[in-house]
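Student: If you read the protein sequences in the order shown, they are chains A and B.
The opening position of the first sequence corresponds to residue 886 in our numbering, with each subsequent residue numbered one higher.
The opening position of the second sequence corresponds to residue 197 in our numbering, with each subsequent residue numbered one higher.
Treat the hints as calculated values from the structure; they're not laboratory data.
A few of these clues could be false.
[What the hints assert, rightly or not] Within a straight-line C-alpha distance of at most 30 Å, the following computed DSS-like cross-link-like pairs (lysine-lysine) qualify:
1) A:K1171 / A:K1070
2) B:K500 / A:K996
3) A:K1171 / B:K313
4) A:K887 / B:K313
5) A:K931 / B:K500
6) B:K447 / A:K1171
7) B:K447 / A:K889
8) A:K887 / A:K996
9) A:K996 / A:K1070
[Said to hold, decoys possible] Far from chain A by the CB rule (all over 10 Å, computed), these chain B residues:
10) A268
11) V288
12) F352
13) I393
[As the list claims (entries may be wrong)] Restraint-style ranges between C-beta atoms, simulated for each label pair:
14) A:L1087 / B:F342: 52 to 62 Å
15) B:R307 / A:W928: 53 to 63 Å
16) B:Y364 / A:P965: 53 to 63 Å
Positions of the beta carbon are idealized from the N, C-alpha and C atoms, including for glycine.
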Amino acid sequence: MKAKTRRNILGDALLAVLSFFFLFPIYWAVLMAFKTQADTTAWPPKFFFTPTLDNFRVVLGLGGESSGEVIAGASTSIIPALGHSLVISLGALLVSLVVGIPAAYALARYKFASRESIAFTFLSFRFAPELLVIIPLFVIFRNIRLYDTYVGMIWIYQLITLPLVVWIVRGYFEDIPLEIEEAAKVDGCNWWGTFRHVALPLAAPGIAAALLLAFIYAWNNFIFVLILGGEHTQTVTLAALNFLSSEQQVYGQMAAAVLISILPVLALALYGQRYLVRGLSLGAVKE
Amino acid sequence: MALNAQRGETVAGRPVTASPRRVNLEPLFLIAPALVVCIGILYPFGLAVFYSITNYSLTLPIIKVTGLRNYAYIFSNADFWHSTAVTLGYAVSAVAIELVLGMIVALLLDRDTLLAKVMRGLIILPLMIAPVLGTLMWKLMMDPSFGVANFLLSPFGLRNLTWGDSPYTALPTAVLIDVWIYTPFIALLLLAGLRSISPSLYEAAEVDGATPWGMFRAVTLPAIAPYLIVCTLFRMVDSLRAFDILFALTKGGPGNTLWNYQVTAYYQTITFSNVGLGSAYMVINWAIIYILSQALVSWWNGAKDRAAA
Chain A
886 MKAKTRRNIL
896 GDALLAVLSF
906 FFLFPIYWAV
916 LMAFKTQADT
926 TAWPPKFFFT
936 PTLDNFRVVL
946 GLGGESSGEV
956 IAGASTSIIP
966 ALGHSLVISL
976 GALLVSLVVG
986 IPAAYALARY
996 KFASRESIAF
1006 TFLSFRFAPE
1016 LLVIIPLFVI
1026 FRNIRLYDTY
1036 VGMIWIYQLI
1046 TLPLVVWIVR
1056 GYFEDIPLEI
1066 EEAAKVDGCN
1076 WWGTFRHVAL
1086 PLAAPGIAAA
1096 LLLAFIYAWN
1106 NFIFVLILGG
1116 EHTQTVTLAA
1126 LNFLSSEQQV
1136 YGQMAAAVLI
1146 SILPVLALAL
1156 YGQRYLVRGL
1166 SLGAVKE
Chain B
197 MALNAQRGET
207 VAGRPVTASP
217 RRVNLEPLFL
227 IAPALVVCIG
237 ILYPFGLAVF
247 YSITNYSLTL
257 PIIKVTGLRN
267 YAYIFSNADF
277 WHSTAVTLGY
287 AVSAVAIELV
297 LGMIVALLLD
307 RDTLLAKVMR
317 GLIILPLMIA
327 PVLGTLMWKL
337 MMDPSFGVAN
347 FLLSPFGLRN
357 LTWGDSPYTA
367 LPTAVLIDVW
377 IYTPFIALLL
387 LAGLRSISPS
397 LYEAAEVDGA
407 TPWGMFRAVT
417 LPAIAPYLIV
427 CTLFRMVDSL
437 RAFDILFALT
447 KGGPGNTLWN
457 YQVTAYYQTI
467 TFSNVGLGSA
477 YMVINWAIIY
487 ILSQALVSWW
497 NGAKDRAAA
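Next up, chain A with everything else stripped away, as it sits in the complex (with noise of 0.2 Å):
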């Protein structure tokens, strides 16, 4: 029982300097954001300071006082970013939902000729290397006007989301006993009636699995937006980044626009977490 304290002990050390390494970043990243500037960059670097919510002012357009330093260049809100991001992730969610949920129920419960490599092709977006569809589709885009449009992003953004809802739901289908809608046919109901009344119901907690995962995945996406994006389309990461790239680094602001990005997607994955293992493997590792 020593033995086992005493591992105990040790593990737990072991652990606490792990867990300094993964949420110190986070934790900073909130200190820096109610900063002025001259904390910011103050040395040795402060633990303990009078906070300031001028960064978020900044951020949100509402047009703080910088600390009484006048920045340059880097008044940008933020706002209209969070829009784009919210109109692509969910537009592109919404897609992948009426179209892939179908198509993870047929290759679940149906047996047909390429069933298996209409799947793969499927898994194999996911493996893609993102580039090799995006110039393509960079030289499209300017020539058939979708360049910096929403349905531009949400086309190319089914890259991400189709595969992960596809994958994730029919391994949610395939765990419903057949059983179940053997009988529902027996009863009566034709498959239209067994797949919305019977399947559909029960494959829930992986179609709100998917959903989560796949917003997350695609409020997360940057290469996409870098490339095909412009001002009408900029998304939060895309905007976060150019914060980098004014004149004078203005590591506060900076701070505030990645926490304001980040907050939506943190909620999302805390509340919903015990549904996102299974899906982080497309369904290859089962809890």
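For this one, chain A is given, so just place chain B on it according to the hints.
Tutor: For chain B alone, coordinates are given in the frame of chain A:
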């Protein structure tokens, strides 16, 4: 309707399939919308393969098929071998560190202490933050003149680390950020694997007088081998096509220090307008990923059978 009546009579437990001689329209109907979206992805993919055998440039009015000239140029060019070294060096070192560290974290989380319980909930956070934004968080700490990272490391004699600013430290810095973001991915998956091991296996090994290390090797490792391979597959693929961290850290710099395949293709296409050359880089990147993932998937299937046996 006749199809449904027929299927209603099938014995419970058998797969729901129509008789093989009839053409089954339901799955086709269900899957068709997704296939339409698929075409929207597969068409550009095919176009990229085509571009890779042309001299297509955004500054030239006419596309000319030049066969394998782009590939011949790439393979004889030192830039390609530099980007190959960056791609492989980044992927192999990041995945190796993440597997070892992820295993340690998973074992530490799979205990009943208060800290382990709390961290089981919080460890997911770095993974959920956009890699670009996570990289920006690290940049907040890595300023050479007043960054908190050098402050925290100064008691260990590391005072003047240059992080992303020097060609010598830029790649290790990018790997460090990759490790920060993706070790939780591996830890969470392996934790799920550890939880699936029956306690009776450990009890049996304990009766046999196995040491903790012996138990890890004889019981834990074979049981979680499929999980380890899945982790390796996902992380290997993702780090071979890394972009976000490298771009957010230094835009690929200093110079071309961080130009892996995707960053090179980005600059070739967007900055230098060489669509053909950029596409050829991506086809090569895709081929490497494809071959590797096929190998890992068949390895995974074997490990799954062995773990189940």
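Student: For which of the previously enumerated hints does the structure constitute a violation, in increasing order of number?
Tutor: Structure breaks hints 5, 6, 7, 8, 15, 16.
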